[in-house]
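Put together the whole structure using the sequences plus the hints.
Every position in the sequence shown, counted from 1, becomes a number in the working numbering once 55 is added.
No wet-lab data here; the hints were simulated from the structure.
One or more of the hints may lead you astray.
[What the hints assert, rightly or not] With beta-carbon atoms standing in for the labels, derived distance ranges:
hint: 1; residue 1: K210; residue 2: N155; range: 39 to 49 Å
hint: 2; residue 1: G214; residue 2: K269; range: 14 to 24 Å
hint: 3; residue 1: S224; residue 2: L96; range: 48 to 58 Å
hint: 4; residue 1: G232; residue 2: A179; range: 20 to 30 Å
hint: 5; residue 1: N130; residue 2: D157; range: 12 to 22 Å
hint: 6; residue 1: Q238; residue 2: K210; range: 33 to 43 Å
None of the values given here were measured: they were computed from a predicted structure.
Glycine is no exception: its CB is placed at the ideal position from the N, C-alpha and C atoms.
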Amino acid sequence: MKTVLIIGLGRFGNHLCRKFAELKNEVMVVDMREEAVEDVLPIVTSAKIGDCTNEEVLHSLGVRNFDLCFVCIGNNFQSSLEITNLLKEMGAKYVISKANRDIQAKFLLKNGADEVVYPNRDIAEKLAVRCSMNNVFEYIELNEGYSICEIPPLKEWIGLSIREVNFRSKYHVSILGTRNGGQTSLLPMADHVFKLDEHLMVIGKKVDIDKILKSL
56 MKTVLIIGLG RFGNHLCRKF AELKNEVMVV DMREEAVEDV LPIVTSAKIG DCTNEEVLHS
116 LGVRNFDLCF VCIGNNFQSS LEITNLLKEM GAKYVISKAN RDIQAKFLLK NGADEVVYPN
176 RDIAEKLAVR CSMNNVFEYI ELNEGYSICE IPPLKEWIGL SIREVNFRSK YHVSILGTRN
236 GGQTSLLPMA DHVFKLDEHL MVIGKKVDID KILKSL
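In structure tokens, the structure reads:
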């Protein structure tokens, strides 16, 4: 469990708040709009109506006590920049700020953000990649050319075990888990037998996963 501060309850901040709460984290939210705060009151640990560009408001939150501080203001970059800078000056452990453009990310990182996210761009790019690849049900791009994909098994694997296929040595890719209907099993054993109706969650270099995809 982590302690999380979320400043700004627009669409992104609201979704972030609900997911963190669902995962049993302690969440505090702050927004200038009373209706936005009231909407999440039943699920958060604490909430405050206020303008976080005001140093007194930000001081009152005790930002040093949070594991993560999110700045989710999307329609006022100046406010986002000021709040990011103030959080770091007040000793926030880890600040993640939302950006819409690269130039915004550049300024946020220079002014205290430990990490910058592009929610709209990231979702669009992930969707475009997934929809451009045949037989890929889910796709997560990692650093340095690695990715995680959810794919169906090759026809020649059906009825054989991971050991019999010699999967890791032959394809240079690891299987993180299998999904069959609504059931997910992580880290399957070497004697797991591939089934026609299951999906495989594989991790490895994108070039190696692409070789498997070309055979599907």
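Starting from the hint list further up, note which numbers the structure goes against and sort them upward. Per hint list: single violation, 6.
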